[in-house]
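Participant: My request is simple: use the sequences and hints to build the entire structure.
Residue numbers (the working numbering), protein chains in the order written: chain A, 6 to 198; chain B, 76 to 130.
Simulated from the structure, these hints should not be mistaken for laboratory data.
All of these numbers come straight from a predicted model, not from anything done at the bench.
Ideal Cβ positions, reconstructed from N, Cα and C, are used throughout, including at glycine.
Among the hints, a few may not be true.
[Stated by the list, open to error] Label pairs and their calculated CB-CB ranges:
1) B:Asp104 to A:Cys96: 43 to 53 Å
2) A:Gly77 to B:Asp104: 21 to 31 Å
3) A:Val196 to B:Asp104: 19 to 29 Å
4) A:Ile52 to B:Asp104: 43 to 53 Å
5) B:Pro110 to A:Gly92: 33 to 43 Å
6) B:Pro110 to A:Gly99: 39 to 49 Å
7) B:Asp104 to A:Thr58: 13 to 23 Å
8) B:Pro110 to A:Lys182: 23 to 33 Å
9) B:Pro110 to A:Ile52: 14 to 24 Å
10) A:Ala55 to B:Pro110: 17 to 27 Å
11) A:Phe43 to B:Asp104: 17 to 27 Å
12) A:Lys82 to B:Ser106: 31 to 41 Å
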Amino acid sequence: MVGQIGPLVQVGRKNTALALHVLGGVLGGLTIGILLGFAGVLLRSAIGDALDTVFVVVVPTALVYAALVDLGVLPVKSLTWVRQTPGDWPCSMGHYPGIFAWGFDLGLGVTTRIPYQSLLVVPLSAFLVGDMASAVAITTAYGAARALAVVAAVTSATDDFPAVCDAIQGRVLTLKKLVGATALVIAALIVIS
Amino acid sequence: MARTARVGGLVALAGAFGLVVAMLAGDADPSVGVPSVFVLVSLSLVVGLSTAASP
Numbered sequence: 006m007v008g009q010i011g012p013l014v015q016v017g018r019k020n021t022a023l024a025l026h027v028l029g030g031v032l033g034g035l036t037i038g039i040l041l042g043f044a045g046v047l048l049r050s051a052i053g054d055a056l057d058t059v060f061v062v063v064v065p066t067a068l069v070y071a072a073l074v075d076l077g078v079l080p081v082k083s084l085t086w087v088r089q090t091p092g093d094w095p096c097s098m099g100h101y102p103g104i105f106a107w108g109f110d111l112g113l114g115v116t117t118r119i120p121y122q123s124l125l126v127v128p129l130s131a132f133l134v135g136d137m138a139s140a141v142a143i144t145t146a147y148g149a150a151r152a153l154a155v156v157a158a159v160t161s162a163t164d165d166f167p168a169v170c171d172a173i174q175g176r177v178l179t180l181k182k183l184v185g186a187t188a189l190v191i192a193a194l195i196v197i198s
Numbered sequence: 076m077a078r079t080a081r082v083g084g085l086v087a088l089a090g091a092f093g094l095v096v097a098m099l100a101g102d103a104d105p106s107v108g109v110p111s112v113f114v115l116v117s118l119s120l121v122v123g124l125s126t127a128a129s130p
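Facilitator: Structure, rendered in structure tokens:
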């Protein structure tokens with residue numbers, strides 16, 4: 006993503022392009038949050054407070070499973086898909102709409118490749134929380150953070166985007182372990198809270 | 076130095092955003108509890124900030 010967006014923001018107004026990417030990420034997270042929140046509210050109306058029990062059992066269990074996979078402790082095939090954000094969007098949609106759409110697509114979280122198994126717990130928990138505002142908070146935070154991470158990488162690149170990509174790729178395993186460890190801690194916090 | 080400050084600022088902005096949405100969720104009084112929503116928002120931030128290299 007950095008390798009794709011980086012060179013593109015050199016064309017036209019850089020700050021506008023990056024702001025549109027962040028806006029897309031926020032709106033993508035917001036959209037999936039509304040959809041999952043609505044589904045969760047429907048589920049709560051069907052099974053009532055039993056959903057809270059389902060949440061306390063399923064979400065920490067999913068977090069522990071995802072954490073063990075991300076940490077490399079559980080040698081199973083990761084659940085993911087091959088779709089990536091189409092590289093031709095800035096051409097087919099136009100420069101700024103394409104960059105916005107990239108942010109939106111990535112902000113949805115579940116329509117592109119899943120880099121960490123812990124990511125799957127984000128939409129799962131947004132659904133099982135059974136509350137619209139909470140679901141929107143969980144997924145919008147993801148969409149905004151993912152877009153801001155791209156902006157941070159692009160603005161720190163000083164035009165050498167391949168070098169930044171190499172540097173990030175070199176840290177992927179470390180980041181994966183960080184995400185896995187965070188997921189374990191959060192599973193424990195949910196159980197004891 | 077300026078680059079580090081800029082990256083730090085963006086990360087801080089993401090953190091502040093997360094806190095705001097967590098507080099909004101707190102006002103909604105979710106039945107699973109505010110702490111659970113807060114830690115899940117934190118997970119979203121960590122996972123989101125860790126995926127800049129993804130396609």
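Participant: Would you mind marking each hint as holding or not holding in the structure?
Facilitator: Consistency of the hints with the structure:
no., hint, verdict
1, B:Asp104 to A:Cys96: 43 to 53 Å, "holds, 47 Å"
2, A:Gly77 to B:Asp104: 21 to 31 Å, "violated, 39 Å"
3, A:Val196 to B:Asp104: 19 to 29 Å, "holds, 21 Å"
4, A:Ile52 to B:Asp104: 43 to 53 Å, "violated, 19 Å"
5, B:Pro110 to A:Gly92: 33 to 43 Å, "holds, 41 Å"
6, B:Pro110 to A:Gly99: 39 to 49 Å, "holds, 44 Å"
7, B:Asp104 to A:Thr58: 13 to 23 Å, "holds, 18 Å"
8, B:Pro110 to A:Lys182: 23 to 33 Å, "holds, 25 Å"
9, B:Pro110 to A:Ile52: 14 to 24 Å, "holds, 23 Å"
10, A:Ala55 to B:Pro110: 17 to 27 Å, "holds, 21 Å"
11, A:Phe43 to B:Asp104: 17 to 27 Å, "holds, 18 Å"
12, A:Lys82 to B:Ser106: 31 to 41 Å, "holds, 35 Å"
Consistency note: the structure conflicts with the earlier hints numbered 2 and 4.
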